[in-house]
Amino acid sequence: MSVGLTSIIIGLIIGYVAQRSRLCLVGGFRDYILVKDKYLLKGFISLLLTAIVLFFIFGAVFHSIQDYPQFYKAGNTLTVDQIYKECNCSRSAQFIAPTSGGFLVNWQAIQFNYLMLFTIIGAFLIGLLSVLGNGCPLRQHVKAASGNKSSWLYLLGFYCGIMFYQLFLSGFINQLFS
Amino acid sequence: MRVRISAMMAGIIIAATAVVAQAVFAFSPPQAYGICLVCHARDLLSQLGRLVFNQPFALSEIARNGPVLTVVGILAGAFIGAITSKEWKPKWVESKTFSFAIGFVVAVLALIISGCPIRLLLRTGYGELNALLGVIFLILGSVAGTYLLKRKRIKRP
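Residue numbers (numbering that gives the first Met the number 0), protein chains in the order written: chain B, 0 to 177; chain U, 0 to 156.
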């Protein structure tokens with residue numbers, strides 16, 4: 000199937016399901032601390048566990064995913080990969096096979112680089128700002144489609160941020176991470 | 000009619016859709032790319048920019064084959080869900096400049112990491128160590144944000 004058709008079907012399913020169940024990924028922790036409500040936390044944990052289990056089934060049993068770390072095969076080592084030069088979609092530091100040190104991860108081969116530092120700082124700031132701004136990005140898209148006019152301004156800021164990144168920051172970040 | 004889907008079911012459906020799209024329908028060269036709000040929006044804006052302005056904006060490898068329309072699908076699907084259960088209510092809820100500024104900063108940060116929160120969870124399932132670090136610090140950041148929110152509420156008269 001072509002890319003356009005697949006992507007629209009994925010979007011329709013996810014949009015409908017996320018609206019009917021009011022799923023929010025950072026809302027789980029906010030609700031648990033303020034009113035001890037575990038409804039959204041169950042959604043977060045079920046997404047994580049299903050992703051781990053399904054990637055294992057499709058990668059290790061059926062072999063239909065490229066570059067899935069085959070850590071069950073002895074004598075197979077993978078190395079820390081480079082980042083794609085053009086679009087910063089990272090493919091780095093997978094779990095490494097247990098032939099030289101460690102059970103699942105080869106601790107000596109991991110080097111501390113700028114990507115790890117920015118991942119730590121960036122994820123912390125995304126969590127902080129999403130709770131203050133009343134929703135993770137998925138929840139803001141769903142709220143905007145339900146009529147919340149403040150979320151229309153959030154989406155406008157979102158796309159302005161993407162254009163700002165593409166015009167001014169993209170080359171600098173790619174050089175920093177390579 | 001009011002269809003109810005619980006959050007646990009929603010998590011399972013979203014993760015299954017994203018993994019099956021990569022394994023069966025070959026959504027592949029950026030790995031774990033089934034659903035990501037900021038990466039697909041960047042691909043769509045880059046394709047439009049290439050058509051209109053003829054400048055070489057950065058694209059990912061799957062986006063050279065066709066238009067990536069996930070964001071349109073998400074907005075349309077949520078709109079259908081809101082209309083069929085009578086939850087469509089246009090109104091202003093929060094402050095305007097605050098929402099714009101937070102949207103801007105979250106988009107720039109998410110592109111530096113190359114993943115919105117959903118894609119961080121998918122990459123953890125794929126076996127990437129950076130994404131596991133990202134999930135841990137996402138949890139810590141949201142806990143810190145909740146404590147900030149608590150203090151603001153108590154201080155207000």
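Rather than coming from a laboratory, the hints here were simulated on the basis of the structure. Be aware that one or more of the hints could be misleading.
Capping the alpha-carbon separation at 27 Å, the derived lysine-lysine pairs in BS3-like fashion look like this [as the list claims (entries may be wrong)]:
1) K149/U to K85/U
2) K85/U to K95/U
3) K95/U to K149/U
4) K37/B to K149/U
5) K85/U to K151/U
6) K37/B to K95/U
7) K148/B to K88/U
8) K151/U to K35/B
Covered stretches of chain B, as calculated for chain U (at least 3 residues, CB under 8 Å) [to be verified]:
9) 1-11
10) 32-42
11) 128-135
12) 147-154
We treat Cβ as the ideally placed atom computed from N, Cα and C, and that holds for glycine.
Outcome of the hint check:
1. K149/U to K85/U: Given pair K149/U, K85/U is violated - Cα atoms ~32 Å apart, limit 27 Å.
2. K85/U to K95/U: Holds. K85/U to K95/U sits at ~25 Å (cutoff 27 Å).
3. K95/U to K149/U: holds (22 Å)
4. K37/B to K149/U: holds (18 Å)
5. K85/U to K151/U: violated (34 Å)
6. K37/B to K95/U: Not satisfied, since the Cα-Cα distance of roughly 30 Å exceeds 27 Å.
7. K148/B to K88/U: Distance of about 9 Å is within 27 Å: holds.
8. K151/U to K35/B: Holds - the C-alpha atoms of K35/B and K151/U are around 19 Å apart, at most 27 Å.
9. 1-11: Satisfied; 10 residues make the cut.
10. 32-42: holds (count 6)
11. 128-135: holds (count 7)
12. 147-154: holds (count 7)
The structure is inconsistent with the numbered hints 1, 5 and 6, although it conforms to all the rest.
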